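Fit chain to chain and form the complex, with the hints in mind.
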Amino acid sequence: MTRLERAAPIAFGVLGLLLWQAAVGLMHVPVYVLPGPIAIVAAFWADHASLLVSLLSTLAVTAVALLAAASLGMVLALAMAASRLARAAIQPWAVVLQVTPVVAIAPLIIIWVNQQFAALVVCATIVAFFPVLSNTAAGLAATPPELADLFRLNGATRRQTLFLLRLPAALPYFLAGLRIAGTLALVGAVVAEFVASSGGFASGLAGRILESGYRLEIARMFAALTLLAITGILIYAALGAFERLILRRFGAGPPGDAA
Amino acid sequence: MLRLNGVGRRFANNVTALENITTRIEPGAFVVLLGPSGCGKSTLLRILAGLDAPDTGSLTWDDHAPPGPGDIGFVFQDATLLPWASAEANVFLPLRLAGQSFETARPVVRDSLARLGLAGFEQARPAALSGGMRMRVSIARALVSRPKLLLMDEPFAALDEFTRHRLQDDLYALWREARTTIVFVTHSIYEAAYLASRIIVMSPRPGRIAAELTCGLPDTNNRRTDPAYAALTTQVTETLRAVMPA
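If you read the sequences in order, they're chains W and H.
So for the first sequence, our numbering puts the first residue at 1; every next one is plus one.
So for the second sequence, our numbering puts the first residue at 1001; every next one is plus one.
So that you can see chain H by itself, here it is in the shape it has in the complex (with noise of 0.2 Å):
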């Protein structure tokens, strides 16, 4: 999918967030960004989407060609809807500012919805819905384009513990479906190590890449309670633990 080459990120006031990042993001993976506060994860991600640009070294598309708009969904740590908006039409958005008519978009803005869970809160407003169901909203739009690319900031950690194993599931059973790749910055151990076919441990200030492992779990219905699941969250304990300053 693309590949960063020695991307670092300085800031106006010296901070180094980033320094020589170097890694590649392969199509279909679910790759996730672990580190602790201030470690340049967001940085990173806004980077990937566009929203921010290195200082030094580069980003290469695979085809060569930027992303261009609807190319990237990107999932906020706050749900970010339009408070005024129905359900619907917050997740209509991003086709809306391609140009198309709500007539064209109905179905695909309804099945968008529907794989979320929210078939039937099609016209509540945000301020009707739940944390849980303003987040399936809000991944729902970052869906609704088709992106090659989803990039996700900590989208399930204002969320409260049941609603978050049922987010993940769900997130999990999308990405097995269809496949897209995504990018998915946490600091919890545990929602790396259940979702991530690939986590990319980072370094606190300068980010760095601290350890990169490979998971692969099996696909399995109840992957939380597999022997492989715990020992996973213990292998990534460890390369933290090693990681970090004291």
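Chain W with its partners taken away, still in its complex shape (with noise of 0.2 Å):
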């Protein structure tokens, strides 16, 4: 990539933040249709810190959401590869999961969750943990034929296989899953927040949008959105740095550790 080529989208973005105050301006658009970017960074700054607050709240159940996908993503995927009973019951289920909009069961999580953070915590679960669940089932189903062979005639047993082999193998499948699912984390969590809020919880950022949204505080609005946009990007780019650099590291080590 030349170096005109990275600094093009910087240079694209500015032009229409440019094009878009200039129109705003010249045309007289009311603010509570559309604000400038001036206006939004105003807004941003008159109240960052219930913003940055809400943030936090949104970026907490993201976490712990991110962290139980990848971990049940993990546990079903070593399931489905060890039995293929196991597969063959829970496959069809994680599709049931994965195409049902989180949003259509999201009240319900909501009623039988009672306690706000652990609902949507769950809600951003079910949206996340498919990306981690299909890629490593199948890392661990692309194990290289011949290699499972090599460990058969040295009298490898299935602990050693897994751990030695189809694991690590596995590994830039679950990687590539987990930056998929970092940013579907978000997304369930800011679903399950609007959700939540219209029953009267409201402390992430969905929150503020919706309040925003009753109020006809449209600056504040696209404040929090833009500060959501920036959000999902940082996680995206955070978990391919993470990706790239366990990539980089694995098998470095001593050879104990390393095959």
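Fair warning: there could be bad hints in the mix.
If you want a taste of the chain W side facing chain H, the calculated C-beta under 10 Å gives, among others [what the hints assert, rightly or not]:
no.	residue
1	Leu150
2	Arg152
3	Thr157
4	Leu164
5	Leu171
Hint data in this document are derived by calculation from the structure and do not stem from the laboratory.
Here the structure is a predicted model, which is why all the values come from computation and not from measurement.
Where a beta carbon is used, it is the ideal one built from N, C-alpha and C, also for glycine.
Right, here's the structure in full:
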């Protein structure tokens, strides 16, 4: 990628913002319909304490949900890899959970799980766990057959084959799934917050967005939205960096650990 | 070493891969299975390894005990190394699976790498090695458990001519020194003639033994230019021409 290509998205974004600001100013669009970028920044600055506290609340749900999704996806993938019966039993239900919109089941979960944070985490986990599950399962199934033969020839136990061959071979798949799950966990958290907010709970960013909508504080709404978008990008980038770091370090240690 | 008694293998799609293979692998022999693609050479090698079972016939081992873990070394056409592990860790793998600690195994692992000319590359990971060096690691791994039988499935087919010649020379030298029994699959007449103490020529589908040639090339350092080598390749070529369908 050349430097020009690297700079292109930023330049394009800045150009867009300039045009936006100019259009809003020249056409006298009222702020309660479409605020300009400067009004949005001002709205953020005026209310940054409340917005950042809400962001932290959303982030906490996202982080716990991501951890839960990673563990749940990994455990289910292992079960599916270990037994064909388990695979047959789990796979259709994983798909059912994946295709059911979380907005539709969130009200039920919020009624059943009588603690707001836990209910939000459950919703976000349901959205986020599928890519971890399907990627890890694909990785565990993609063990090179010749290496599996080699392990068999040398009398490897199932445990040895799992830990020395199948899991390490599935690691890149798992990490790719985790990267997708990170942004999905954020999406799931916000969607669940919207549902919960209508029931009176409103500590996350979704609560701020709804609240701004009711009060016609559109600039504040945009500020919250922008915050969400930036957070999503940062989560994606951070998990991408984590993935590269692990894959680069992996195997560089002493042979006893590496193989 | 072992005897094959009328070994046959038919796959589920009704393709007969092998039919009535009866021969003997003598201890210390360098047996080359030579034949065109699809003649069942690799299937036969997998049966010898115990990775596949014959539908008819049987294998009889000389000491009546089937080989245990580590008794058979297998080298695949690709190096099939663990990409995340160093050369050393890859060679250590068979011993690790047998329950050895790396501290105990280190001298054997180092020795095996050194024999294949890989001293100084212990920490290199497969991605940092050339195709020929990866194959050397693979052979070092197959030899590290001091197997009674070394099975090689077209190990040099994917390498360039120069690398292939060097690896053939080194493999031959290793065999001459240790006299490990080797069964080597190839579709190259020249490779077969250069390495083998006996060549088993196989006919295509169903795979049968079409001819067996005992080779006795002189143990000189320039076998490749020896007239006896040229004569042997001619003999093998003529045998193949006689058994192949037009």
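Hint numbers contradicted by this structure: none
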